[in-house]
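Engineer: Single-letter residue listing:
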Amino acid sequence: MSPIAGSNGSGTAAARPPAKPKLAIFGAASCGGCDIAIVNIHEHIVDVANAFDIVLWPTVMDGKYSDIEALADGEIAVTLVSGSMRTNETVHLARLLRRKSQIMVSFGSCASEGCIPGLANLSSRKQIIDTAFSTSSTDNPDNLRPVWECEVPEGVLHLPEFEPVLRTLDQVVDVDYTIPGCPPESNQIWAALEAVVKALNGTGPLPPKGSVLGAGNSTVCDECARKRDVKKIDRFVRIQQVAGFDPEICLLEQGLPCNGPATRNGCGALCPAVSAPCIGCYGAAEGVVDYGARLMSAYASVVQAIKPEEIDKVLDGIPDPVGQFYRFSLAGSLLHSSRSAWQDDGE
Amino acid sequence: MSAQAPVAPAPAGGVAPATTFEPVIIGFTCNWCSYRAADLAGTARTKYPPNVRLIRLMCSGRLDPTFVLKAFSEGADAVLVSGCHPGECHYIEQNYKALRRFKLLQRTIESLGIEPQRLQLVWASAAEGVRLANEIARVTEEVRAIGPLNWPVGNIVDIDGVSLEAAWEATGGDAEGPPETADCVDPEPEPEAAR
Numbered sequence: 001m002s003p004i005a006g007s008n009g010s011g012t013a014a015a016r017p018p019a020k021p022k023l024a025i026f027g028a029a030s031c032g033g034c035d036i037a038i039v040n041i042h043e044h045i046v047d048v049a050n051a052f053d054i055v056l057w058p059t060v061m062d063g064k065y066s067d068i069e070a071l072a073d074g075e076i077a078v079t080l081v082s083g084s085m086r087t088n089e090t091v092h093l094a095r096l097l098r099r100k101s102q103i104m105v106s107f108g109s110c111a112s113e114g115c116i117p118g119l120a121n122l123s124s125r126k127q128i129i130d131t132a133f134s135t136s137s138t139d140n141p142d143n144l145r146p147v148w149e150c151e152v153p154e155g156v157l158h159l160p161e162f163e164p165v166l167r168t169l170d171q172v173v174d175v176d177y178t179i180p181g182c183p184p185e186s187n188q189i190w191a192a193l194e195a196v197v198k199a200l201n202g203t204g205p206l207p208p209k210g211s212v213l214g215a216g217n218s219t220v221c222d223e224c225a226r227k228r229d230v231k232k233i234d235r236f237v238r239i240q241q242v243a244g245f246d247p248e249i250c251l252l253e254q255g256l257p258c259n260g261p262a263t264r265n266g267c268g269a270l271c272p273a274v275s276a277p278c279i280g281c282y283g284a285a286e287g288v289v290d291y292g293a294r295l296m297s298a299y300a301s302v303v304q305a306i307k308p309e310e311i312d313k314v315l316d317g318i319p320d321p322v323g324q325f326y327r328f329s330l331a332g333s334l335l336h337s338s339r340s341a342w343q344d345d346g347e
Numbered sequence: 001m002s003a004q005a006p007v008a009p010a011p012a013g014g015v016a017p018a019t020t021f022e023p024v025i026i027g028f029t030c031n032w033c034s035y036r037a038a039d040l041a042g043t044a045r046t047k048y049p050p051n052v053r054l055i056r057l058m059c060s061g062r063l064d065p066t067f068v069l070k071a072f073s074e075g076a077d078a079v080l081v082s083g084c085h086p087g088e089c090h091y092i093e094q095n096y097k098a099l100r101r102f103k104l105l106q107r108t109i110e111s112l113g114i115e116p117q118r119l120q121l122v123w124a125s126a127a128e129g130v131r132l133a134n135e136i137a138r139v140t141e142e143v144r145a146i147g148p149l150n151w152p153v154g155n156i157v158d159i160d161g162v163s164l165e166a167a168w169e170a171t172g173g174d175a176e177g178p179p180e181t182a183d184c185v186d187p188e189p190e191p192e193a194a195r
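Listed in order, the protein sequences are those of chains A and B.
With this note's numbering applied, the first sequence covers 1 to 347.
With this note's numbering applied, the second sequence covers 1 to 195.
Keep in mind that the hints were calculated from the coordinates and are not lab data.
Since we're looking at a predicted model, the values are computed, not measured.
Any given hint could be a false lead.
Stated by the list, open to error - Covered by chain B, according to a simulated footprint, are these stretches of chain A (three or more residues, beta-carbon under 8 Å): (1) 289-298; (2) 304-311.
What the hints assert, rightly or not - For lysine-lysine, the following DSS-like pairs were computed, each having C-alpha atoms within a straight-line distance of at most 30 Å: (3) A:Lys307 / B:Lys70; (4) A:Lys232 / B:Lys47; (5) A:Lys231 / A:Lys313; (6) A:Lys209 / B:Lys47; (7) A:Lys231 / B:Lys47; (8) B:Lys70 / A:Lys313; (9) A:Lys20 / A:Lys64.
The C-beta atom is built at its ideal place from N, Cα and C for all residues, glycine as well.
Can you make the complete structure from the sequences, with help from the hints?
Structural biologist: Put into structure tokens, the structure is as follows:
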């Protein structure tokens, strides 16, 4: 297959330089922070523009889905998808982009493990839509609800349909690489893109399929400068309950639920350095099947109580276990959603 | 051998009809106490329901919470965790770790809508074959009463065609076949996608 350089109405390409590989960046259900993180690679963004012909990046440039449909299969060299699969439109586009792309990258926490939008998997569609359309902050006197299909004189209008549960990109299409983070650190993004650019130029090897790019192979604890020696706690506290935390000692040992033991390194342990606990935005550490399970295991190991009622008292310090253990990873976890979500009653 | 195996073996006494729901229970036992208790139940011909599938760990403290969640996600209706009595652990205090993991897991699965009876902890010493058999029978009946779990699998291989995808089909959602890298066939673009 011989890729043709993007022809955006600039006439015939008789004496053009050799075609650049095509790049697509697509944000599905996401906040846009990943796009900002990409722009945050500063002057390297010029290198990206030099290395690639950007065919789709809705956040920063005009692009039509029909242009993507018109491409040959596999014509896009690299596609970065930075959001989760919430509507049938995003699922359709992920499958379309997968077909058109040689390399599909799950970019950031939303695409890789569901992230904060994935916590919607604790609620049914009806609960989510009721909350969005009929709470005290909503001005909706007629109690209207969105409809996916609507007949008007000109024909039938369609809206992207909200799926019962949010899915991760790899639950919908085959994914080649994952770049974790909420959002990925900009220096890590450039390191990952550079590796792919080198491979496409033939000056470096392509990482093995399934690799996690732009992150470490260990845990946040490994990068954290705080001291750990006691590994025993008798209570969990919330950050607002304690006037000040010792700047030298492990936050978990001081009773602050810190997600470092289960979280992949690569961020530079920025949060614990400023006395904020790790919340797990870099996802599961290498070899971890289920992020929350690893964290439950770690917390159970440091709690010292042995009597059932004492244990309960300590664990009451974690009022929202799913929010603590699966803040970023619920949709991608083994159980992926609550029963009320997957037993969707179709409203 | 008949062509079709019977749906479910009727329990002793033959009271229940053949269509009774037979729960699948994964039992994690420790090498030193509860597995020996199950062994003792066996050698003493103490009967317990065949619904439990016992897996031997060296210690209940070896129980990674992942094992429990994986069991639920792959079709188990309940998980039974069993180890030495408190204070009697072969590895000094690891069964306390199992107890704390069990309690954390129970809080988590309840938040996800799984009944707490589906995860149970039973202490049994190597001498308590009858006790373990009775506990297995009790758990089996409790789970039988609340019915099957049928948690849908979330990964790409099984999601298409099983419960989740069926739910989407029923609501008119996108129900394309399992995507494949090389030769998946995308149907005509949907109108809302081709703006």
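Engineer: Against this structure, judge whether each hint is valid.
Structural biologist: These are the hints, each one checked on the structure:
Counting residues of the segment 289-298 of chain A whose CB lies closer than 8 Å to any CB of chain B gives 7, which reaches the minimum of 3, so the coverage claim holds. Counting residues of the segment 304-311 of chain A whose C-beta sits closer than 8 Å to any C-beta of chain B gives 4, which meets the bar of three, so the coverage hint holds. Between Lys307 of chain A and Lys70 of chain B the CA atoms are separated by roughly 27 Å; this keeps the pair inside 30 Å, and the hint holds. A C-alpha spacing of about 43 Å is found between Lys232 of chain A and Lys47 of chain B, which places the hinted pair above 30 Å, so the restraint is violated.
With a C-alpha separation of about 19 Å, the suggested pairing of Lys231 of chain A with Lys313 of chain A holds against the 30 Å cut-off. For the suggested pair Lys209 of chain A and Lys47 of chain B, the alpha carbons sit about 50 Å apart, so the restraint of at most 30 Å is broken. In summary, the hint linking Lys231 of chain A to Lys47 of chain B is not supported, as the alpha carbons are separated by about 44 Å, beyond the 30 Å threshold. A C-alpha spacing of about 28 Å is found between Lys70 of chain B and Lys313 of chain A, which places the hinted pair at or below 30 Å, so the restraint holds.
Note on Lys20 of chain A and Lys64 of chain A: the hinted pairing holds, with a Cα-Cα distance of about 20 Å set against a maximum of 30 Å.
Going through the hint list in order, the structure does not satisfy hints 4, 6, 7.
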